[in-house]
Amino acid sequence: KCSVSVAHGEVPNLHFLEIQELIGMRLRPNPLDVDNLFEQLSVQINPFTQEAIAASLLRSKSWLKSKQFTESWYIESPVIDKIVNHNSSFVDGVKVCRLEDAIHDVFEEEMELNREKWQFHFLWVALWVLAKAKRNEKIWLDSFLIAYSIRQGMPLHEIPVMQEICRQTVINSIETMRERKTHLNKE
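With the numbering used here applied, the sequence shown corresponds to residues 1351 to 1537, in that order.
Just so you know, the hints here were simulated from the structure itself, not pulled from any lab data. Computed from a predicted model, the values in this text were never measured in an experiment. Every residue gets a Cβ at the ideal spot worked out from N, C-alpha and C, and that includes glycine. Be aware that one or more of the hints could be misleading.
Below, in silico cross-link-like pairs of lysine-lysine (DSBU-like), each with a Cα-Cα straight-line distance of 35 angstroms or less [to be verified]: (1) Lys1488 with Lys1411; (2) Lys1432 with Lys1484; (3) Lys1484 with Lys1445; (4) Lys1482 with Lys1417; (5) Lys1531 with Lys1432; (6) Lys1432 with Lys1467; (7) Lys1432 with Lys1411; (8) Lys1484 with Lys1417; (9) Lys1531 with Lys1417; (10) Lys1482 with Lys1411; (11) Lys1415 with Lys1445; (12) Lys1445 with Lys1417; (13) Lys1432 with Lys1417; (14) Lys1411 with Lys1484; (15) Lys1445 with Lys1531; (16) Lys1488 with Lys1417; (17) Lys1488 with Lys1415; (18) Lys1531 with Lys1467.
Here are the in silico distance ranges between beta carbons for each label pair [as the list claims (entries may be wrong)]: (19) Met1504 with Phe1419: 16 to 24 angstroms; (20) Arg1530 with Ala1405: 40 to 48 angstroms; (21) Asp1442 with Leu1377: 51 to 59 angstroms; (22) Glu1450 with Gly1374: 46 to 54 angstroms.
Given these sequences and hints, build the entire structure.
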């Protein structure tokens, strides 16, 4: 992931740099061969069927509520705030967000434009979980099959965990704008 940041001219995550400095290790980022990783991981899945993919996608729907590692899986940006504001209006003197419209627009105007980022995100999670996976744990499999589905062109709004990420993104935007007193109330 660090090599992706460096390749895009971005500074690696501050926490990563702090850890690197603390352990005194010099690391050189090497990009992952994504095509090879997809090939390596896909041969470990048996059966690799549409039914298996559908089951994985369905299991992922509850992750934002049940898996602690997903706590930060939402987007926070001025672009999101603008989309949410665009989908808001005054009702009886209170600014209210049309939640479903905002979710639709966040998918179209932000998330779909960053499909490759989401594909890599879920591939990375699959690798991370697979490194310490318990015998019957399916998180690595589910995460990989989400990445695979994105790679195959499935619209992000059809992926249950992405629906939850998008919903949480909009709700987070509403809440933070309300805290800053720059915005709104939920419908």
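Against the structure, the hints:
1. Lys1488 with Lys1411: At roughly 13 angstroms apart (the allowed maximum being 35 angstroms), Lys1411 and Lys1488 satisfy the hint.
2. Lys1432 with Lys1484: 42 angstroms, violated
3. Lys1484 with Lys1445: 48 angstroms, violated
4. Lys1482 with Lys1417: 15 angstroms, holds
5. Lys1531 with Lys1432: 15 angstroms, holds
6. Lys1432 with Lys1467: Satisfied, since the Cα-Cα distance of roughly 21 angstroms is no more than 35 angstroms.
7. Lys1432 with Lys1411: The given pair, whose Cα atoms are some 26 angstroms apart, holds under the 35 angstroms limit.
8. Lys1484 with Lys1417: OK: Lys1484 and Lys1417 at ~15 angstroms, within 35 angstroms.
9. Lys1531 with Lys1417: Cα-Cα ~31 angstroms, so holds.
10. Lys1482 with Lys1411: 22 angstroms, holds
11. Lys1415 with Lys1445: 28 angstroms, holds
12. Lys1445 with Lys1417: Holds, at about 33 angstroms.
13. Lys1432 with Lys1417: Holds: Lys1432 and Lys1417 sit about 29 angstroms apart, inside 35 angstroms.
14. Lys1411 with Lys1484: 21 angstroms, holds
15. Lys1445 with Lys1531: It holds: about 11 angstroms lies between the C-alpha atoms, which stays within 35 angstroms.
16. Lys1488 with Lys1417: Given that 35 angstroms is the threshold and the Cα spacing comes to 13 angstroms, the pair holds.
17. Lys1488 with Lys1415: 17 angstroms, holds
18. Lys1531 with Lys1467: 31 angstroms, holds
19. Met1504 with Phe1419: 16 to 24 angstroms: Once the Cβ atoms are compared, 23 angstroms apart, the range 16 to 24 angstroms for Phe1419 and Met1504 holds.
20. Arg1530 with Ala1405: 40 to 48 angstroms: 41 angstroms, holds
21. Asp1442 with Leu1377: 51 to 59 angstroms: Holds, since Asp1442 and Leu1377 (Cβ atoms, about 56 angstroms apart) stay within the stated range.
22. Glu1450 with Gly1374: 46 to 54 angstroms: Since Glu1450 and Gly1374 have Cβ atoms about 51 angstroms apart, the given range 46 to 54 angstroms holds.
Checked against the numbered hints above, the structure violates hints 2 and 3; every other hint is satisfied.
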